[in-house]
Amino acid sequence: MIETACTQGWQAELRLGFVQHSTKTVLANRSQRGPLAVQRPFYPEGDVCHAYILHPPGGVVGGDCLQMRFQVDPAAHALLTTPGATKFYRSAGLQAQQHQHFHVADGCLEWLPQENIFFPGANIALHSTIHLDTTAQYIGWEIHCLGLPSIGEQFTHGKTLFKTAIYRAGKPLLLDRLLIASEADLHTAAGLRGQPVMATLYATPATLALLEAVRPHCQDIANGSTGVTLLNGVLVVRYLGNSTAQAQRLFRHLWQIIRPLVTGRSATPPRIWNT
Amino acid sequence: MVAGIRTDISMTMITDLALLRLLHLVSPTLPIGSFTYSQGIEWAVECGWIATPTDLQNWLASQLHSGMTHLDIPVLQRLYHAVERADVETLEYWIHILNASRETSELLLEEKNRGRALTDLLIALEIPNAARWKPLLAQSQSAAFVLAAVHWQIPLQQTAYGYVWSWLENLVLSAVKIIPLGQTQGQKILHEMTLLLPEVVTQGLQVADDDIGASSPALAIASSRHETQYTRLFRS
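Chains A and B supply the protein sequences, listed in that same order.
Here our numbering is used: the first residue of the first sequence is 1, the next is one more, and so on.
Here our numbering is used: the first residue of the second sequence is 276, the next is one more, and so on.
FYI, nobody ran anything at the bench for these hints, they're computed from the structure.
These figures come from a predicted structure and were not determined experimentally.
Derived EDC-like pairs: lysine to aspartate or glutamate, alpha-carbon spacing no greater than 16 Å straight-line:
(1) Lys163/A to Asp484/B
(2) Lys163/A to Asp486/B
(3) Lys24/A to Asp47/A
(4) Lys163/A to Asp485/B
(5) Lys24/A to Glu45/A
(6) Lys171/A to Glu364/B
(7) Lys463/B to Asp330/B
(8) Lys159/A to Asp486/B
(9) Lys87/A to Glu153/A
(10) Lys171/A to Glu367/B
Same shape as in the complex, but just chain A (with noise of 0.2 Å):
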């Protein structure tokens, strides 16, 4: 079925490799197929490796496919970022699909994209599957907008199904799905209240003491909601609202406490978000 989505827009996938060398991580292997690209790698903490990961220039339209297949070397860390939002725009029928794979041995990855932009009949299935192995550790976020609240659209029509998994040496950790398919699904009381932004942090592995840390930082907003949860090793931070930039506030906030006790490094951020 993944098939014949596919096969008319886009088919794009970037696969990355991530291997240490003597002093630093390196992106080692690279093979790309349409416009999925990354921008050649920076060092500002010396060895660990920064990338930048660019969406097809006009955005995502029904049909494309995109594929994304990050893999992490034992030993080795990459940090990995967006330059900017990712807009999914409105579909004529077709559905658009984003998959992440994320493998990382006994290293670490840090998955920290600006924020997904879903234009009212948008149909979007964006799936993460991430694989650790025993001692590999994961930072990583999503942040969804539903519609374009600035300007007041809602996405009154359109599809969107997010499916995020978490596995350590092969044991589920963590799922996560969330099915968007009528105006209805956007106002459920225990599910989204009409709130257009949705996000979600993971870190792992995480301690009490990491939940502790980060639990004063996740009290009361305006205009949203926010909780941190400790389950199977995973630190979980949810966030519901109406900005995209308080949500991005709120994450690189909490990914400074989070980076030192979940890989042992002080939290270098990289050099696109002080623009």
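With the hints as your guide, set chain B onto chain A.
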């Protein structure tokens, strides 16, 4: 066609004894502490998300149509068939799926605590395999629930009805204490919401493997925040 109809009838037929066993299995007097959980309702009331009977009904209906339809019932169905075949590997697989889909520490802990309490009870009642499979069943109240149901020959569909009814009754009773509402108001809510259950069970039993899972962001936040709620009476 005939075979299909026959299967269908045998799936829904329940003997008198099995019906009595089902009533026992879902009884609030079962010593598994069902009345001590609110699944985030306690915080949802404190923050103002649930203030009226209508708010409560919307909150519960939202869960019935998401998590109950797309996670609990389809997993219950797979656990049921695994127990029928004494297929421990499949049983374990679906317990892992269910527990990885519980959205907060408290919701996962509730699944496990109730699983352990119910397994101990089933061992005391000498239900076959309860003792042998305890390490697995003690991780999941759904798994322990279906072990009893299969042993007592309660058909799958009725097992699912019992499971959903028990969930709904416990949460309404918790909410009545928390909001608070009158006992009669609680019964009116139960009476009305029962009408939703046939569709929830029917749909839940048709969900394909790939479509299993349904998160509820507001519930997950309410349950996360409940972990440190200042005054709380409930364990979730």
